[in-house]
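Chemist: So you can see what is in the structure, the chains are spelled out below.
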Amino acid sequence: AQKVTQAQTEISVVEKEDVTLDCVYETRDTTYYLFWYKQPPSGELVFLIRRNSFDEQNEISGRYSWNFQKSTSSFNFTITASQVVDSAVYFCALSETNDYKLSFGAGTTVTVRA
Amino acid sequence: EPEVTQTPSHQVTQMGQEVILRCVPISNHLYFYWYRQILGQKVEFLVSFYNNEISEKSEIFDDQFSVERPDGSNFTLKIRSTKLEDSAMYFCASSEFRDNNEQFFGPGTRLTVL
Numbered sequence: 001a002q003k004v005t006q007a008q009t010e011i012s013v014v015e016k017e018d019v020t021l022d023c024v025y026e027t028r029d030t031t032y033y034l035f036w037y038k039q040p041p042s043g044e045l046v047f048l049i050r051r052n053s054f055d056e057q058n059e060i061s062g063r064y065s066w067n068f069q070k071s072t073s074s075f076n077f078t079i080t081a082s083q084v085v086d087s088a089v090y091f092c093a094l095s096e097t098n099d100y101k102l103s104f105g106a107g108t109t110v111t112v113r114a
Numbered sequence: 115e116p117e118v119t120q121t122p123s124h125q126v127t128q129m130g131q132e133v134i135l136r137c138v139p140i141s142n143h144l145y146f147y148w149y150r151q152i153l154g155q156k157v158e159f160l161v162s163f164y165n166n167e168i169s170e171k172s173e174i175f176d177d178q179f180s181v182e183r184p185d186g187s188n189f190t191l192k193i194r195s196t197k198l199e200d201s202a203m204y205f206c207a208s209s210e211f212r213d214n215n216e217q218f219f220g221p222g223t224r225l226t227v228l
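In order, the protein sequences belong to chains A and B.
Just so you know, we're using this note's numbering here: the first sequence kicks off at 1 and counts up by one.
Just so you know, we're using this note's numbering here: the second sequence kicks off at 115 and counts up by one.
It is worth saying that the hints were derived from the structure and are not from the lab.
Heads up, none of these hints are tricks.
Within a straight-line C-alpha distance of at most 30 angstroms, the following computed BS3-like cross-link-like pairs (lysine-lysine) qualify:
hint : chain 1 : residue 1 : chain 2 : residue 2
1    : B       : Lys156    : A       : Lys38
2    : B       : Lys192    : B       : Lys171
3    : A       : Lys3      : A       : Lys70
4    : B       : Lys156    : A       : Lys70
5    : A       : Lys38     : A       : Lys3
6    : A       : Lys16     : A       : Lys38
7    : B       : Lys156    : B       : Lys192
8    : B       : Lys197    : A       : Lys3
9    : B       : Lys156    : B       : Lys197
10   : A       : Lys38     : B       : Lys171
11   : A       : Lys38     : B       : Lys197
12   : B       : Lys192    : A       : Lys38
13   : A       : Lys16     : B       : Lys156
Using the sequences plus the hints, can you model the full thing?
Modeler: As structure tokens, then:
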């Protein structure tokens, strides 16, 4: 069973539009961590954020913001005023208690057109 | 800023050959991981390593795979007899702690099996 679902395969926007990436997770643990990573065309994985299950405060970092809702098991990511450099694949990931690994979603490809 | 490094960046090999992928984790990190990403697919966990032994492995990590920390700095992934389906990007990651699991990823090694 998928632990992390990113239902959007691809999103295409014009520069300066906002884009929201959905992430739904599944776990029975009460303590867990959620992550977002960015994979630009060059291929590396860039860490964006980690959120623990006890901290439901939304977070903003520059043009990035994250909305964590335990009630719907979602951890959505919004890029405000998108730029061409935001074009990448974005992965949501889950880490559960007593688990070493990150379980990644399938990723969402974001294309920002000038 | 400390970072995880991986060599080589690209490895081409013939089916049936052995390959060793090398990683240098961040120096004060204690937990080490290998993940792989088949082209266009999600990132999949292979194995985690702590205190000189495997702490968790996935079903992908069969007898053809092995990991080693031969000295105080390197962490290697060996594939004994490569198959075509081993062609993928292999990412090494490391973390200081297990609990919050903030894993820092290397730039990846692209393995092409012909």
